[in-house]
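> Whole structure, please, built from the sequences with the hints as guidance.
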Amino acid sequence: MSAPLPLSAIAVLMACNMAWALNIVVSKLAVDELGVPPLFYTVLRSMLVVVVLFPLLRPLPKQLLRVLLIGFAISGGSFALLFAGLKTATPSAAGIVNLSSAPLAVLFAVVFLGEKVGWRRGLGMGLTLGGVLLAMGSPSAAGSITGLVLVLGSAVVGALGSVFVKTITLDAVRLQAWAAVVSLAALVPATLVFESGQIAAFEANPVPVALCALFAGLIVSVGAHSAYFRILQRHDANLVVPLTLLTPLLTIAFGAWLTGDAIGWPLLAGGALAMVGVAVIVVRPSSKLFKPLLVRSRF
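Numbering (my numbering), first residue to last: 1 to 299.
Hints in this document: simulated from the structure, not taken from any laboratory.
Ideal Cβ placement from N, Cα and C applies to all residues, glycine included.
Among these hints, one or two may not hold up.
Listed next, the in silico DMTMM-like pairs over lysine to aspartate or glutamate satisfying Cα-Cα at most 25 Å (straight line) [stated by the list, open to error]: (1) LYS62 to ASP171; (2) LYS87 to ASP32; (3) LYS87 to GLU203; (4) LYS288 to ASP171; (5) LYS116 to ASP236; (6) LYS288 to GLU115; (7) LYS166 to ASP236; (8) LYS288 to ASP236; (9) LYS166 to GLU115; (10) LYS87 to GLU195; (11) LYS87 to GLU33.
For each label pair, taking beta carbons as the anchor points, the in silico distance ranges come out as [unchecked claim]: (12) ALA237 to GLY122: 20 to 30 Å; (13) THR259 to PRO59: 41 to 51 Å; (14) GLY143 to LYS62: 46 to 56 Å; (15) GLY197 to LEU123: 45 to 55 Å; (16) THR169 to GLY114: 17 to 27 Å; (17) ASN238 to ALA204: 45 to 55 Å; (18) ALA210 to LEU258: 16 to 26 Å; (19) LEU258 to ALA142: 14 to 24 Å; (20) GLY197 to GLY122: 38 to 48 Å; (21) VAL188 to ALA269: 38 to 48 Å; (22) PRO266 to SER8: 31 to 41 Å; (23) ASN238 to LEU113: 14 to 24 Å; (24) PRO266 to PRO242: 23 to 33 Å.
What follows is the structure in structure tokens.
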């Protein structure tokens, strides 16, 4: 039987959950209120991660192409869709839709890795997807369906990448460094071709934009995720991962408090249903899935 988590680990996980939840709100502020183009914002975030984690790029990892593909899926590709969705979607609804990554990861594991799914995990998948659909169709999410579809696309891409993390021999923080590199390589040309007004958005609000990017890149991606994986090295994932379900709860709370999200009963019911479903998925054993990325499919 696994030893219980010490209070110090629980405190760190609480701080991580708060950072992840606030990141949705901060990103909403950046791409919506401050008008930063989503791909450009993803580039800013990735640049900061590369600067901090640059020493971890050596030596070159084995299976470099696979590392780059997985890294882009769980980082720049997923974040770009998330930030694009947040231009219209509320943080609260986006936090619930993000939970769809867990059942999607199981589904992809079944298709690509031969994962076996019993009725309990099947029930969890159904509950989660049902809850997400209920939240997306709620009056609170009215008018932002396009944004929520992009957030759902972000969860799909992140889940697809997370399924293959166990197929590479690279620790999580080094994978994060390479993920930031490939994100820059793909998204710098993309923002130049598909977006405009990047410099104007930065010059209009240089300090707020810089603070948002610093929070997303350093506090969340480097700080919170490094702390999370350090705890996972020391403690049983079955004790650690379920605590990350606090993130959507905090996202709803911060969304209502800081961005004035409309929180109705259908949204809350959908969120509760989805979280119960994810909890069922997380506690079930799996030999093929990288459980730390079940709830958080991107870093």
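> Hint by hint, which ones does the structure fall short of?
none
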